[in-house]
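Enquirer: Protein chains in written order, with our numbering: chain F, 1 to 269; chain G, 1 to 269; chain W, 1 to 269; chain R, 1 to 269; chain B, 1 to 269; chain S, 1 to 269.
Hints in this document: simulated from the structure, not taken from any laboratory.
A portion of the hints provided could be inaccurate.
Copies of one chain are not kept apart here, so a pair can be met inside one copy or by any two copies together.
Taking lysine to aspartate or glutamate pairs in the EDC-like style, the calculated list, with each CA pair at most 16 Å apart, reads [what the hints assert, rightly or not]:
(1) K81 <-> D51
(2) K81 <-> E217
(3) K81 <-> D31
Since the model is a prediction, treat every value here as computed from it, not as a measurement.
6 protein chains.
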Amino acid sequence: MPLREVIAALDARYDPALAESWDAVGLVCGDPDEPVGRVLFAVDPTTAVVDEVISTGTDLLVTHHPLLLTPVHGVPAEDPKGRLVHRLIRAGAGLFVAHTNADRAPGSGVNAALADLLGLAGAVPLEPAGDDPRAGLGRVGELRAPMPLSAFAAHVAALLPATVGGVRAAGDPGRVIRRVAVCGGSGGSLLPAAAAAGADVLLTSDLKHHPVSDAGEVAGPALCDVAHYASEWPWLPVAAEHLRGDLAGQVEVSVSRLRTDPWTWHAAG
Amino acid sequence: MPLREVIAALDARYDPALAESWDAVGLVCGDPDEPVGRVLFAVDPTTAVVDEVISTGTDLLVTHHPLLLTPVHGVPAEDPKGRLVHRLIRAGAGLFVAHTNADRAPGSGVNAALADLLGLAGAVPLEPAGDDPRAGLGRVGELRAPMPLSAFAAHVAALLPATVGGVRAAGDPGRVIRRVAVCGGSGGSLLPAAAAAGADVLLTSDLKHHPVSDAGEVAGPALCDVAHYASEWPWLPVAAEHLRGDLAGQVEVSVSRLRTDPWTWHAAG
Amino acid sequence: MPLREVIAALDARYDPALAESWDAVGLVCGDPDEPVGRVLFAVDPTTAVVDEVISTGTDLLVTHHPLLLTPVHGVPAEDPKGRLVHRLIRAGAGLFVAHTNADRAPGSGVNAALADLLGLAGAVPLEPAGDDPRAGLGRVGELRAPMPLSAFAAHVAALLPATVGGVRAAGDPGRVIRRVAVCGGSGGSLLPAAAAAGADVLLTSDLKHHPVSDAGEVAGPALCDVAHYASEWPWLPVAAEHLRGDLAGQVEVSVSRLRTDPWTWHAAG
Amino acid sequence: MPLREVIAALDARYDPALAESWDAVGLVCGDPDEPVGRVLFAVDPTTAVVDEVISTGTDLLVTHHPLLLTPVHGVPAEDPKGRLVHRLIRAGAGLFVAHTNADRAPGSGVNAALADLLGLAGAVPLEPAGDDPRAGLGRVGELRAPMPLSAFAAHVAALLPATVGGVRAAGDPGRVIRRVAVCGGSGGSLLPAAAAAGADVLLTSDLKHHPVSDAGEVAGPALCDVAHYASEWPWLPVAAEHLRGDLAGQVEVSVSRLRTDPWTWHAAG
Amino acid sequence: MPLREVIAALDARYDPALAESWDAVGLVCGDPDEPVGRVLFAVDPTTAVVDEVISTGTDLLVTHHPLLLTPVHGVPAEDPKGRLVHRLIRAGAGLFVAHTNADRAPGSGVNAALADLLGLAGAVPLEPAGDDPRAGLGRVGELRAPMPLSAFAAHVAALLPATVGGVRAAGDPGRVIRRVAVCGGSGGSLLPAAAAAGADVLLTSDLKHHPVSDAGEVAGPALCDVAHYASEWPWLPVAAEHLRGDLAGQVEVSVSRLRTDPWTWHAAG
Amino acid sequence: MPLREVIAALDARYDPALAESWDAVGLVCGDPDEPVGRVLFAVDPTTAVVDEVISTGTDLLVTHHPLLLTPVHGVPAEDPKGRLVHRLIRAGAGLFVAHTNADRAPGSGVNAALADLLGLAGAVPLEPAGDDPRAGLGRVGELRAPMPLSAFAAHVAALLPATVGGVRAAGDPGRVIRRVAVCGGSGGSLLPAAAAAGADVLLTSDLKHHPVSDAGEVAGPALCDVAHYASEWPWLPVAAEHLRGDLAGQVEVSVSRLRTDPWTWHAAG
């Protein structure tokens, strides 16, 4: 099947029109006229992932994060990102990015997958986008059973892929959590939306000291911070499953076994 | 002793001219003509810290973080920060901020205190500022004895105040660490300076996924992430000790016993 | 009655949504939960007015001009405006500002009060704002009886509060004035709107040489310049009267007896 | 004498390099190759002044204020300023502007002339400009004899050309004035410089309510406001006298008898 | 007939509201109350054209290009454009500009005239503007008979006024041209619109190397470059004819015989 | 020889520090560690030039014009420029750009080569750059023998590579040309510098109607316009010769035989 048709299937699920204006989605390298037999999904286009692409004979790597979010005037091999472009092109492998369009996608996107994994009932977008009311950034829904914040943190740690940093929470550990807002990736800016939606907690990643400290001074959701990678990983098997179906089994689709969370060690404080 | 004289002693240590142009340092509330008998140091001007100010009869609270970094058109008590201003003014207590000027101060600043606590020999600023070569952001120096990155993380965890999140490291856990760059607070932007200085690791806080992931793709320092609060706390006893001496013992100076790190819970991943 | 309810009554008359985007209206200091027994209206929050607030046991000062139009990072008492905040907070008095929302308010605002004092019939806004056609900046209406510009100046001087600078007019002193445009405060930018509305004169304040000189070179309204303070003062008794009624007499409401026009002396040219 | 040589004499006194970057000085219309026998000085290029130019057979009008400070795409006669250009060109008369370069000129400029008229001893610029220490905006010097602010206002009124608005002062009328800062035209922005220079009063024009009100809240100079026209008129006879000398009497040079202050009437408040 | 009525007739054909926001159209000099007996049309208001205006006793010059596109603070005769203003005003001649409003005019504008001259059938705007579907920039229509690009270049050279530079084409000389896009003046930015309209060639002027080189790398229209002057000249006789009719023959209307293309010599490469 | 060493030789001749801040010079694709046996120079990286690279087994293409002046988020093969990157990378060929650094290079740059080809004596930069007085944009020098502008155009046409558009001149064809300013590429903005340098003509490319028309209205240089490609081509053999020598003959260096001027046809006007 030509790459062109695989791209069409991905664009149908993750409409590029849903991407943020500053984003860089779509094909980074590869030729739409060349055939694709094997597709691999990963969160990040790192060197280790490209090694896997090449060693497995993958024809198309689909990642959530852009390789070239900052635009470039060239892809020389002396630059680490340019080197990956050289390796992919020479191996005949394409790279395709579904980033904020995958975050906002209505049915099988990053935030929908995260909400599903946590078992949130009645989940709807925190920040709707586009015409479809099911599309947008973040999700907010109800836990099947209320639990204290401390238990919620353990629940999250058990469901998401393991990372050395684990799960941190801010707020009264005994606070009862019923309504949960989530945002895969760096979602701290959705705190006002989570508060407006009546969430008891906002689960996201890359939270910094000042907004968390300020949140502690007002009524509003507790906060739960996980590895950026862990918050987005749940999308990979979902997206792979959908693509497999969309292409009627003509292409082999798998999920990378690599953990691309960059943190490698933890020492208790 | 009038507040005016305490401020003069603080300004002499933490020259306001060293502050970043966007920063908000100096007196937030309080009357320079009123007397000060008791000074309390803390990292953050939170509600709990103001409770401590009032319950201990403190006349001047000195914090590292500004209360009003975003400027305001008023301080109404319905706003959490305005409420703190009301409580401090009614209690006759002033609030003084030493932020990026304390970060950059040559001898007794935030970064110098952090480097000293870690026992770095020959520490110099990562990003010099002003005329004094000892002034500037960050520090880089040598550990007394080399150790693997994994041991370095444990070493840091043992020396800094305990936090629920502990210490995370990115890089090969077995990499030998000799030369250490540090930056109290959010110092990820100093990574190029740390690399240029030949550091084996950069210790700072508030690191986000993308720069850490990119750092893993190039040669350069490993990364070590601690709580923002923990990275700046070492300054408090140093600054208190200096002020006590500068005021010749006429004013009682202490350090808050409160942990203002907003994270309250951790679940292993 | 709690301050919260007084604020609600003021917001109902002077909808904050009518304020310019650059403006700073609402509560500057004070606690919405504390009780209010006495309210004082003034044009400017000056030291003399705050003296009056404190000596009269006023609980809420309502001014037209913002205290902190330029936002601040603190309210230290060494700054004159910070000193007023300290004095008000320690005296338990709040400060509330109704500025461009009061200018534009439909029925009992600054411009409506000025037009009423001058006896303008059929007055409508010069620059409509919001959904209510009676709301907006400036007013234009008809004098009960036409009079020459020179007599109009004397008429204005007799009706507005006395100021040392008096009233100046530009244009042929004998020109007959029928249709009058007014704008409380600095309203020179409304000259095109006044011309379009067929006004014979625009009465406002803070007019500078160049626009007045240019206006003399074209057909269009004559100009009449009064003290900024004088042009806005007429609102005070009107607003006080309305608030008294809105609060059903439960709160004592008065108008400051102080003249806050800063000009203190005049010598004839 | 060709216009070119008259311009050279004016440029030598009022160096165009001293003008502000936003200003519009130099020749507005006229041909440098045509002869000039008669020069007229005025503050403003109004219709009445152009009438005088034409009725007196003047060849060159020199004004302080630019005709076209806002640049234009044409000078059609339906526009009042374009009409003046048509009348001047058809009458064979040029228009030359010396504005902020005349304000800042060292020896015979607008501010120097104003300081001289008030009899200020040891006057130096408030805001130096260029290489010559005598050049710059504003002047500050000592009165021959101290006097109260009220008497100072009367003194000013007696020395400057009469205007309907007269002279206003802000501050304690009894304050003793010794050191006087002046700035012809709209000079309110020089208040900090006047304060730094230890002035007891700043005399200028076009002062608006807010800065004058704020000035009343701090220690610092009193303020004195005169007509913009009156503050700049003193330059006209000085400049005419200098030009007459510079051209060795070959050209007839005079000062317009017209008052171009646009205010025509005053009613006491 | 007063100039005012001639302007009204021109504005009716070339609605100023159709001009670009950065443009400078309308009357540059002249008095709407003065009589007009003779009107001359030209592309550029150059010295040679003004010589013709004066020698022929023309009362109104109408040009396509603005004299003062960059706005000015004066029109001194030492500046070449100011000198033309002096000469026109002294000769009693006005200058009127119809630029991008003439480009976009529906029936008798610059682009319509160019399309008509080339015999394009069914021509419609490339970039519609305003409410009238016939108004807008550029035109695209069908040649009466297809011809190779090389023959099209010769066809254009034969129909447009002769210029030393002649006509250049980029693309396969044998490519068959059926559908032609045109844009008088500098129209390279319309290439995407021409491609979207299915044009085989875009004829315009002032094309630079890089966009032409890039166009050669993709499918899309060939390019044809003529002198800027030549591309706009066809409007002159059309506009003159229309104005003659609109003014019912009361005013003598003619087209300048001058070639204002600035290129004077050509050497074959 | 590794590509790294070829790049070092090019950077030594064409210091990247001389490039404009907006430019995109250096390696676009290729691996500095791979060997280079054959280098090809061309003005533009077009498809035809890449065909030549591949058919001749070239390892490094050096062009004057950047492939990716507008930065990109990817190089997918469906984009014409991305397709060239794919073809080059798969063929093992690098692409290196020397653009404004080559324009400004002191001894063997684009402008120096153009001046040499025209035989200009005593040529110096029109707009010096960097520390070396021989470096900078454009050149100005003396013809060996004066000649009329018409003959100069023929002289230029004879020396530069042939192009369909030939050479155009603006100005009096009989004007005697002695002193010649040149600027390879789009150099119209250097006209003031050429005038200040006393040039009789400025030779450059991509000149548009308005600046050429304006130039005809003032004293100053005549203008001569050639194909952008033709003005930069003279650099190719010079740069090839230098690189051959710098690499001591270890690498085969040649100049593309392709004409990359995009114009393909000319019809006399």
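Enquirer: If a hint holds in the structure, say so; if it doesn't, say that too.
Expert: The hints, checked one at a time:
{"no.": "1", "hint": "K81 <-> D51", "verdict": "within (14 Å within a copy, 26 Å between copies)"}
{"no.": "2", "hint": "K81 <-> E217", "verdict": "between (42 Å within a copy, 9 Å between copies)"}
{"no.": "3", "hint": "K81 <-> D31", "verdict": "between (19 Å within a copy, 12 Å between copies)"}
Violation of the numbered hints given earlier is absent; every hint is satisfied by the structure.
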